[in-house]
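S.K.: Sequence:
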Amino acid sequence: VDCRFCPSCYEHLQSHEAIARKNRCQNCFSCPSCNHTLVTRATNTSSTPSTNLNITPDNTNVASGDADDSISNSTNASGLQTPSKKVYYLACSVCRWSTRDIHLADQPAINSWKAQDNIHEGRVNELLLHYKQIATREKQERDRKKYTTVKLRNTITTSTNRSSTDKYGILTPLTRRGIRTSGMLKTPSLPETVNTTNLLPKPSEIIENIEPLDENFFLNNTFDFNKLTTITQRLNSVES
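First residue of the sequence shown? That's 503 in this note's numbering, and the numbers climb one at a time after it.
What the hints contain is simulated information worked out from the structure, not anything from laboratory work.
Be a bit skeptical, because a hint or two may be false.
Unchecked claim - Taking lysine to any residue and the SDA-like style, the derived pairs with C-alpha atoms no more than 20 Å apart in a straight line are:
(1) 587 to 597
(2) 588 to 624
(3) 729 to 633
(4) 524 to 539
(5) 729 to 711
(6) 729 to 613
(7) 524 to 510
(8) 588 to 613
(9) 588 to 619
(10) 524 to 537
(11) 729 to 611
(12) 524 to 624
(13) 588 to 541
(14) 704 to 611
(15) 704 to 602
Remember, predicted model here, so these are calculated numbers, not experimental data.
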């Protein structure tokens, strides 16, 4: 049974939906720091821009299951009640990372975070298309050789059977003609190899001049390895 589901929320997806979403759940996100599943949290914020906008997650966090879109009232510094609404952000319950650490704006609804555009998406798709064409051409060549070998074996077997059952030598010319032409068999059902010389991707540009690393960078007293992120964490982190 072909079944695709998210391991975090167990949401079932059809095969075409999973292919379109690249086997990713649109409701679950991984933490760029520790790769754990992020939790949706809600907090109240004032609708007026002059009120307090720096809300600490530790004091106003509530579970996503208890959050709704209802509008409540809050009292500002002047004693007047101003309407406030709930906004949502993502936070990690393991390493305490949140979308506010990278200055990602809070969303007014759950699951309204938009995917960030990748500037290298066109280049990656071009390379994937090129490699798919190479794989298709190699598969056609293997199928053509296999089909030719099987056809040649069947022709030789048929010719041998004819010669063994031919008592008076009537079928001998036909047998010789079949053996001579058996090596020139082709596969009419298989498509010919497509010339992909004009479909080659643009070659990558070589970086010739690379700036050397300053040795004083490691000798600086303010340098701390524990406060630096790894390359994997930087690639997983979404830049606003």
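S.K.: Evaluate each hint against the coordinates.
M.R.: Right, here's what the structure says about each hint:
1. 587 to 597: violated (27 Å)
2. 588 to 624: Cα-Cα ~37 Å, so violated.
3. 729 to 633: Judged against 20 Å, a Cα distance of about 40 Å means the pair is violated.
4. 524 to 539: holds (18 Å)
5. 729 to 711: Distance of about 29 Å is beyond 20 Å: violated.
6. 729 to 613: Given that 20 Å is the threshold and the Cα spacing comes to 31 Å, the pair is violated.
7. 524 to 510: holds (16 Å)
8. 588 to 613: Status holds; Cα separation ~14 Å.
9. 588 to 619: Violated - the C-alpha atoms of residue 619 and residue 588 are around 27 Å apart, more than 20 Å.
10. 524 to 537: OK: residue 524 and residue 537 at ~18 Å, within 20 Å.
11. 729 to 611: violated (33 Å)
12. 524 to 624: holds (16 Å)
13. 588 to 541: It holds: about 16 Å lies between the C-alpha atoms, which stays within 20 Å.
14. 704 to 611: With a Cα-Cα distance of about 42 Å, the restraint between residue 704 and residue 611 is violated, given a limit of 20 Å.
15. 704 to 602: violated (39 Å)
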